[in-house]
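K.L.:
Residue numbers (this note's numbering), protein chains in the order written: chain H, 648 to 764; chain X, 5 to 118.
Keep in mind the hints are simulated off the structure, nothing from the lab.
Predicted model only: the values in this text are computed from it and were never measured.
Careful, some of the hints might be misleading.
Every beta carbon over 10 Å from chain H, so not counted as near; a handful from chain X, in silico [what the hints assert, rightly or not]:
(1) P12
(2) L15
(3) S16
(4) G20
(5) S22
(6) K26
(7) S30
(8) D31
(9) D63
(10) I66
(11) T69
(12) T73
(13) E87
(14) D88
(15) H117
To give a feel for the contact side, a few chain X residues facing chain H, derived at Cβ under 7 Å [stated by the list, open to error]:
(16) P38
(17) R47
(18) S97
(19) Y104
(20) F108
From the derived model, a few chain X residues whose C-beta atoms are all more than 10 Å from chain H [claimed, not checked]:
(21) V24
(22) S32
(23) K61
(24) H80
All C-beta atoms, glycine included, are put in the ideal place defined by N, C-alpha and C.
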Amino acid sequence: GAVVSQHPSWVICKSGTSVKIECRSLDFQATTMFWYRQFPKQSLMLMATSNEGSKATYEQGVEKDKFLINHASLTLSTLTVTSAHPEDSSFYICSARVSEEHNTEAFFGQGTRLTVV
Amino acid sequence: GENVEQHPSTLSVQEGDSAVIKCTYSDSASNYFPWYKQELGKRPQLIIDIRSNVGEKKDQRIAVTLNKTAKHFSLHITETQPEDSAVYFCAASIKPGGSYIPTFGRGTSLIVHP
Chain H
648 GAVVSQHPSW
658 VICKSGTSVK
668 IECRSLDFQA
678 TTMFWYRQFP
688 KQSLMLMATS
698 NEGSKATYEQ
708 GVEKDKFLIN
718 HASLTLSTLT
728 VTSAHPEDSS
738 FYICSARVSE
748 EHNTEAFFGQ
758 GTRLTVV
Chain X
5 GENVEQHPST
15 LSVQEGDSAV
25 IKCTYSDSAS
35 NYFPWYKQEL
45 GKRPQLIIDI
55 RSNVGEKKDQ
65 RIAVTLNKTA
75 KHFSLHITET
85 QPEDSAVYFC
95 AASIKPGGSY
105 IPTFGRGTSL
115 IVHP
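Let the hints inform the model, and build the full structure from the sequences given.
P.N.:
Below is the structure:
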């Protein structure tokens, strides 16, 4: 299957600093990528839809100024958690679909465990 | 938007038993229903999917059924094994206007006791 690589796998940062998470599609081009947040023992909560070359579409309740998303190329989307606080600690996962024309499987990155201390 | 309900939240079975996880969805326009398995700390992996033009699909010990009229679909795992223990997510995928966006259920933690 298609490969989506996410980096870093885990990060610990101090409160008030910013953290950037990268999501790359390694063997296909992804015009759209999705960013999710997952709390322990809970489901995948869609944060935003990242569109190549345009602004991301954020879900209701997600602060766009806090979670900056950039989709600069067809293979890379980044999520920057700005001025991180302990409540931002979570598991962040991206996903991408090979084709936007058809309703098909989404491939997930391995996730990033963010801990804000 | 789409709303997906998943039950049960936790399912404990003995090795060799069958396990059934059920999901309902709200938007009749959804036409693709994948099931993902997520092991602790790892990424979700697709295990089976079904489209709205079929009612059942089977892959070895795993099967999925879809009732479009009732808007519910189920995952069936037969002859469960300890390695089946994981969190399973159902999803319903719809294209509200732009990209196809999957909405996930809350997940079912399946525990298979040896």
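K.L.:
Hint by hint, note whether the structure agrees.
P.N.:
Hint check results:
1. P12: 14 Å, holds
2. L15: Answer for L15(X): holds, closest chain H Cβ roughly 14 Å.
3. S16: 15 Å, holds
4. G20: Non-interface label on G20(X) holds, nearest chain H Cβ at 26 Å vs cutoff 10 Å.
5. S22: 24 Å, holds
6. K26: Fine: 15 Å to the nearest Cβ keeps K26(X) off the interface.
7. S30: 16 Å, holds
8. D31: D31(X) is indeed farther than 10 Å from all Cβ atoms of chain H, at 13 Å.
9. D63: 14 Å, holds
10. I66: At roughly 15 Å from the nearest Cβ of chain H, I66(X) sits farther out than 10 Å, so the non-interface label holds.
11. T69: Consistent with the label, T69(X) stays out of reach of chain H, its closest Cβ about 19 Å off (over 10 Å).
12. T73: It holds; T73(X) is separated from chain H by about 20 Å at its closest Cβ, greater than 10 Å.
13. E87: Non-interface label stands for E87(X): nearest chain H Cβ at 19 Å, farther than 10 Å.
14. D88: At about 18 Å from chain H, D88(X) clears the 10 Å cut-off, so the statement holds.
15. H117: 19 Å, holds
16. P38: 6 Å, holds
17. R47: 4 Å, holds
18. S97: 5 Å, holds
19. Y104: 5 Å, holds
20. F108: 5 Å, holds
21. V24: Per Cβ check, V24(X) is outside 10 Å of chain H; nearest 19 Å; holds.
22. S32: Since the minimum Cβ distance to chain H is about 15 Å, S32(X) lies beyond 10 Å and the statement holds.
23. K61: 14 Å, holds
24. H80: 20 Å, holds
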